[in-house]
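Build out the structure end to end from the sequences listed, making use of the hints.
Each residue of the sequence shown is one higher than the one before, counting from 1 in my numbering.
Any given hint might turn out to be false.
In silico lysine-lysine, DSBU-like type, Cα no more than 30 Å apart, as pairs [unchecked claim]:
no.: 1; residue 1: Lys397; residue 2: Lys501
no.: 2; residue 1: Lys165; residue 2: Lys283
no.: 3; residue 1: Lys82; residue 2: Lys165
Bear in mind the hints are in silico, worked out from the structure with no lab data behind them.
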Amino acid sequence: MSVRIIANVRNRSNQRITNEILDELLDYNNQVQVPVAISEYSSVKLDHYFHAIIMFAESLKQVQYTLATILAIPEIQGSRLKYLIVYYSNKRWIERQFEMHKMFRHFFDSYIVDVDIIIHVANYSFLYTYRPYNRKFCAHTKPLLIQKFKKLPRKLSYTYMYASKVYNFHQCPIKAILYHIPPFMNLDEPINNIVNLDNGYDGMILNDIADLMNFSVEMVPNEPRNFIAGHIYANNTATGIFKMLIERKANMTIGCAICLPKRSELTSSSIPYFLLNYVILLKNQDKFSSLSLFMKPFQISTWLLFAIAFATKILVQRLCQSTLIGLKRRFLKLFLVLWMGLVFFLRSSYEGFLFEIMHNTPNRRLPQTIDTIIKQNYTLLTDVNSAHILEYLPNLKKITQIVSTAPNQVFNRFDILDGNVGLLSPLPIVTFYMSQRTENISRYALVRENVFTAMHCVYYPRYTYMKAAIDRLLTRLRLHGFIAKYTQIFQFNNAPLRTDKLSRRHRKHLGTALDMDFLNVIFCSIIALETIAILVFLLEYLSLRINVLQRIYSHIT
Numbered sequence: 001m002s003v004r005i006i007a008n009v010r011n012r013s014n015q016r017i018t019n020e021i022l023d024e025l026l027d028y029n030n031q032v033q034v035p036v037a038i039s040e041y042s043s044v045k046l047d048h049y050f051h052a053i054i055m056f057a058e059s060l061k062q063v064q065y066t067l068a069t070i071l072a073i074p075e076i077q078g079s080r081l082k083y084l085i086v087y088y089s090n091k092r093w094i095e096r097q098f099e100m101h102k103m104f105r106h107f108f109d110s111y112i113v114d115v116d117i118i119i120h121v122a123n124y125s126f127l128y129t130y131r132p133y134n135r136k137f138c139a140h141t142k143p144l145l146i147q148k149f150k151k152l153p154r155k156l157s158y159t160y161m162y163a164s165k166v167y168n169f170h171q172c173p174i175k176a177i178l179y180h181i182p183p184f185m186n187l188d189e190p191i192n193n194i195v196n197l198d199n200g201y202d203g204m205i206l207n208d209i210a211d212l213m214n215f216s217v218e219m220v221p222n223e224p225r226n227f228i229a230g231h232i233y234a235n236n237t238a239t240g241i242f243k244m245l246i247e248r249k250a251n252m253t254i255g256c257a258i259c260l261p262k263r264s265e266l267t268s269s270s271i272p273y274f275l276l277n278y279v280i281l282l283k284n285q286d287k288f289s290s291l292s293l294f295m296k297p298f299q300i301s302t303w304l305l306f307a308i309a310f311a312t313k314i315l316v317q318r319l320c321q322s323t324l325i326g327l328k329r330r331f332l333k334l335f336l337v338l339w340m341g342l343v344f345f346l347r348s349s350y351e352g353f354l355f356e357i358m359h360n361t362p363n364r365r366l367p368q369t370i371d372t373i374i375k376q377n378y379t380l381l382t383d384v385n386s387a388h389i390l391e392y393l394p395n396l397k398k399i400t401q402i403v404s405t406a407p408n409q410v411f412n413r414f415d416i417l418d419g420n421v422g423l424l425s426p427l428p429i430v431t432f433y434m435s436q437r438t439e440n441i442s443r444y445a446l447v448r449e450n451v452f453t454a455m456h457c458v459y460y461p462r463y464t465y466m467k468a469a470i471d472r473l474l475t476r477l478r479l480h481g482f483i484a485k486y487t488q489i490f491q492f493n494n495a496p497l498r499t500d501k502l503s504r505r506h507r508k509h510l511g512t513a514l515d516m517d518f519l520n521v522i523f524c525s526i527i528a529l530e531t532i533a534i535l536v537f538l539l540e541y542l543s544l545r546i547n548v549l550q551r552i553y554s555h556i557t
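Structural data, given as C-alpha cells:
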C-alpha cells in the first residue's frame, strides 16, 4: 500500500502537529518499505501506485483545491483511492459540522464516497464519515461520527474506516443516460420518468444490476434528446453521453457503447461484457443482363469450340464438295452421327440451364473480402455511432458515408439505393432489422469477412464509486450465464447468408441438382469420338490423293 501526503497548513501550531504526525507515520515500521510522496513534488511515476491520500487542511477551500489537483492527474485511479482528511478548525461545533457537511457534499458530487475526516478538539480526536444511501435518505452527506478517542490507536481496521457504502442503495434513484437503439435499448414511453427496460439486451443487464444493488433507474435523455450515444475526439472535445458524463450530469450510461481507449481517458469504463462484430451488408439483387444470361450456360472456351466445329463443317462442305462424293458412306455416317450427338448434347445442356434460370434468375457474384469491396468501388453507409470505428479503419473511411444518427434511417436509405452500395453496422442491429424483412432476407448478403470486433462497456464519470461494484456484478452475471442467455434477443438466425455461401445455397423448389461430373464424362467422351471421326475423315480424304493410303483403305473395306 502506498500513501500520498498533501500538507497545506499555514498556522504554526498546526504545522507542528502535522510534523509530529508525519514523523510518527514515516517511522511507524522501519521493516516495511512504504513509498510515500509528499505534496506536489512527488514523482509522477508513483501516481499509479497510490492507494490512500492523507490531506492536512485548515479550510474547505483548501480541500476543494487539493481534490481538484488530484483529479486532474489522469494516472491516478480515483475510484480506488481512500481519502483521510486531518482537519484543523477552531470554529464552533455547529460551524465545523456545517463545513464538514460541505466537504462531504463536494466529494459526493465528485462521485467519491471513501472519505474520512479526523478533527482534534480539546484533547479528543473525532473520526467522521458519511453514508450517502440509507433507508431514510438519498445522497445524504451529513457527518456521521464513527469513533471518539483520546489517543489515536496504533492500528485502525481498514474495513472499519472504509466500510462499503454502495452495496445497497435502498431504492434511491441512479441517473442513467439512455437512448433508443434496438435491440440493445428499446425504450417505450416513460411513465413518471420510469422506463421498461425488459425489451433490450443492455436494458435487461441494467435491470439485473439495479435489482442486485437495490436502486431505481432514473432515465436522463441524451443531449440533444434524439442523439444516439456520443464520442470523445482527439482534441478532448466530447459529444452526447460522454459530454454529459464529463459534466457529471448522470451516474452512468449503458447501451451499445463500445470500449475505446480515448473514451476512458476522460471518463471511467467498466470491464467489457459483450463482444460485438461489425459487418457489411450488401444487396443480393443485381441480376444479369439478357445478353449475359444468353452467354452464361457455357464458358468462353466451350463457345469457341462450338464455333470452330461449326466453321469446320461449313469449310469442309464448300471446299471439298467434289471429294466428299468419293468417300465411303460408312465413314460419312459415323461422322454425321457423332456430329449430331455433339450438337444434341450442347443443345440439351443449354436448354436445361435456361429452363433453370427462368425459375430462379442467378445473381452476380458478391465480394467476399474488404479489399474486394474497395477495388470494386463500393460505397458504404453507416450511422454516427458505428462511424467511430472508422478511426481504426482508414481504408474503409475513404468509401464510407455517415447518413444519420439513427440506424433505422440508414437501413431505409440503403433499401432505396441501387448500384455498388453496402451498409456498415453491428451484426445484432442487422439481424434486428432483418427480422422485419423476413420475406426478403434472400435479397441481402453479409460479406464473409468481419470488419471490426469491439466490446461493450458501461461508462461513468471519472473516479465514480459505482465502477468497482458494477464490475463485480458484471463478472457474476457473466459467470452465471445471464449475459450469454440475453443474446437470444438478437435473433442471429435471421442473419442473411455470407457471400461465400450463396453459391452453395440449397434450393428446395429446384429438386436435386444435376451431377456435373457425370455430364463432364459424357461431354469428354463425345469430344473424343468426334476427334477420332475427324481423323478418320482426314485419312480417307487423303487416301483419294495418295495411292498408298488408297490401297490400305481398299484392303480394310
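- request: Enumerate the violated hints, using their earlier numbering and listing them in ascending order.
  value: 2
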